[in-house]
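Peer 1: Given next are the chains, with one letter for each unit.
2 protein chains.
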Amino acid sequence: MANQKSRPNSNMPTIQDVARLAGVSHSTVSRVLNQNSTTIPISEITRQKILDAVQELGYQPNMIARSLRTQRSQMIAVMIGDISNAFYHPIVRAVQDVSDKRNYDVLISNSDHIYEHELRFLNTVLRRPVDGIIMAPHCLTTHDIDQFVQRSHVPIVALGAQVNHPDVDVIGGTSEPATYQMIKWLIEEKGHRRIGFINTLHDMPPGPSRFRGYQRAMGEFNLAIEPGFVQQGEFTLEGGRQAMQNFVVQENPPTAIFAANSLMAIGAILAAQANGYKVPEDFSIVGYDDIPEATIISPSLTTIGRDLPKIGRQLISLLFERIDGQVSGPGRFVASDWNLIVREST
Amino acid sequence: MANQKSRPNSNMPTIQDVARLAGVSHSTVSRVLNQNSTTIPISEITRQKILDAVQELGYQPNMIARSLRTQRSQMIAVMIGDISNAFYHPIVRAVQDVSDKRNYDVLISNSDHIYEHELRFLNTVLRRPVDGIIMAPHCLTTHDIDQFVQRSHVPIVALGAQVNHPDVDVIGGTSEPATYQMIKWLIEEKGHRRIGFINTLHDMPPGPSRFRGYQRAMGEFNLAIEPGFVQQGEFTLEGGRQAMQNFVVQENPPTAIFAANSLMAIGAILAAQANGYKVPEDFSIVGYDDIPEATIISPSLTTIGRDLPKIGRQLISLLFERIDGQVSGPGRFVASDWNLIVREST
DNA sequence: CTGAAAGCGCTAACAG
DNA sequence: CTGTTAGCGCTTTCAG
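These protein sequences, in sequence, are chains A and B.
Its first residue numbered 1393, the first sequence is counted upward by one per residue in this note's numbering.
Its first residue numbered 1393, the second sequence is counted upward by one per residue in this note's numbering.
Be aware that a few hints might be false.
Copies of one chain are not kept apart here, so a pair can be met inside one copy or by any two copies together.
Below, in silico cross-link-like pairs of lysine to aspartate or glutamate (EDC-like), each with a Cα-Cα straight-line distance of 16 Å or less [claimed, not checked]:
(1) K1493 <-> D1504
(2) K1702 <-> D1409
(3) K1493 <-> E1568
(4) K1670 <-> E1436
(5) K1702 <-> E1673
(6) K1582 <-> E1673
(7) K1702 <-> E1508
(8) K1582 <-> D1474
(9) K1493 <-> E1643
(10) K1702 <-> E1581
(11) K1670 <-> D1504
(12) K1493 <-> E1508
(13) K1582 <-> D1674
(14) K1493 <-> D1595
(15) K1582 <-> E1736
(16) K1702 <-> E1580
(17) K1670 <-> D1474
(18) K1576 <-> D1538
Hint data in this document are derived by calculation from the structure and do not stem from the laboratory.
These figures come from a predicted structure and were not determined experimentally.
Whenever a hint applies, use it, and build me the whole structure from the sequences.
Peer 2: Spelled out as structure tokens, the structure:
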């Protein structure tokens, strides 16, 4: 049972097998299989012979070999922050759906918001060339991206306006204005004057831009950002929970709290409730981005809504425009729109 | 700006470039880069020259070319049901973490529990050979898998005991006993006698095995499964919500409801509450699998817990054992353990 | 209309 | 210890 070909891993027929069975050369087979190639005419008879042979053998072209020859991999790579964060699901969804339809495969990578992982991703796509990249980096510098772009001309589309490279398409730009609007609404419509902020750790994006929106709104209404008003945490449910612990122990805590994402906001609500407080009576809590958990939690979460599936479709559209060569030239910027979704947590 | 090499997509150096710069042949470069290859000794001096050249050029081997030659892709493919279902996150997590560590890339595919998608996945990995496959199929038949195994000798590890192929490693087997235990508990400890069941659509696994557990428990206590006790829905939150609608309109509905997964159970709770009912006072509702949402919802969900990260680690371990050739031969079966997690929804 | 031949970048015999 | 050579399976000139 052991003396097969040197590679017992597969008994897939090759294009040679098809050619042999059809009694033609393998290049003819290749031609009918990629009939697009500049309208070279092929006799209906050999064409049929080949198609029959393909059928009979169940031939499937080997993508690895094709990639080596064509220098196109029919793969795109996606780097997200955290597969557990529902924020990314509609985006990955859209990317996969469109890619499937176009017979592209999708490589997915989690960065966990860790710099080394983001760098590793870049190296991966250097070694394994893909036709396009979608990423939501939190730590990469423009310099890192530039290093990459120097060496690989693969088109990149990024989510998050912190990415700022002349060749990279970017979707984002909502953080500052949306946060500003949310804080303003808490002040004007809900009468809050002591508003806290749960930020990311180590000034990791998108914390800072959201923080600027908070600062601007507070400043505009001459409201102080007292020491203790700003807490930090991981970009997760648990991070929000822990940050909230730092609020509940304060003598005179804020009456409203903005969390830099909805997972943190939900963690904060859970922590408040665990400490015997009521939301929104004792604390109004708001998040950023409308994920399913926002309506599972009680009270349901007031948050900033973006059309996530649309953002996903935009990302993949921008990418395929470049992959297909319809677009070249400098990176484009798409500002997504957003709206305030008022629910029960305020 | 256009007259570069025919392939302007990359200016990555090749092994030839390294060889030229180091003044040696490309095979010598290959040798030092894969020093494992049967202890061929290499003079320290050329070795250093090569390493320097690699450094200077920032050479990275092209994985596509390497794959074509070695017939190994350093990729594994994962097919899950639905990226939005948190059930899969710890599993994908474990797979990615271990793969990263071993420099394997991970191709992820959503089947959406649709038969055509599952078949398409199989075809994808036929065209793009990967070194191993992890999948959680809901619709594939043994015959489909067998067809695949005939053609490709890539090792497969499956999640879910409905997969039954002599060559495939399987982790699963909890559905019937765990459901039985849960129903029994509802009867014995909670005094329910009218218990409903939210099943999957079209007898899609794992619905049927869970249903058998339900039947067995009900039968053992001589409790009737009245018409209307069994409702069906998509394997999602929305599916559970809609199924619950069919309970609340009944004249004499069940007092407890088991949903085939926790997403459905949460949908059911939400629907009950939306209709003005209280959980657990009016309906006790339980799910299957402990996902984060189970403790976000109020009342928190009584459910079957499995150690999902452990299952993920087991899946990828079984797979790598085969990829590494440590294990060959017939498919193994691993029964995962589970426990009943009692929370507030009962 | 079809075949022969080159070569994508790499590894692995096989000779020195 | 190192270089030469032969492909992996495919696409794409270039000749007929």
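Peer 1: So which of the earlier hints does this model not fit?
Peer 2: Hint check: 2, 3, 4, 5, 7, 8, 9, 10, 11, 14, 16, 17, 18 fail, others pass.
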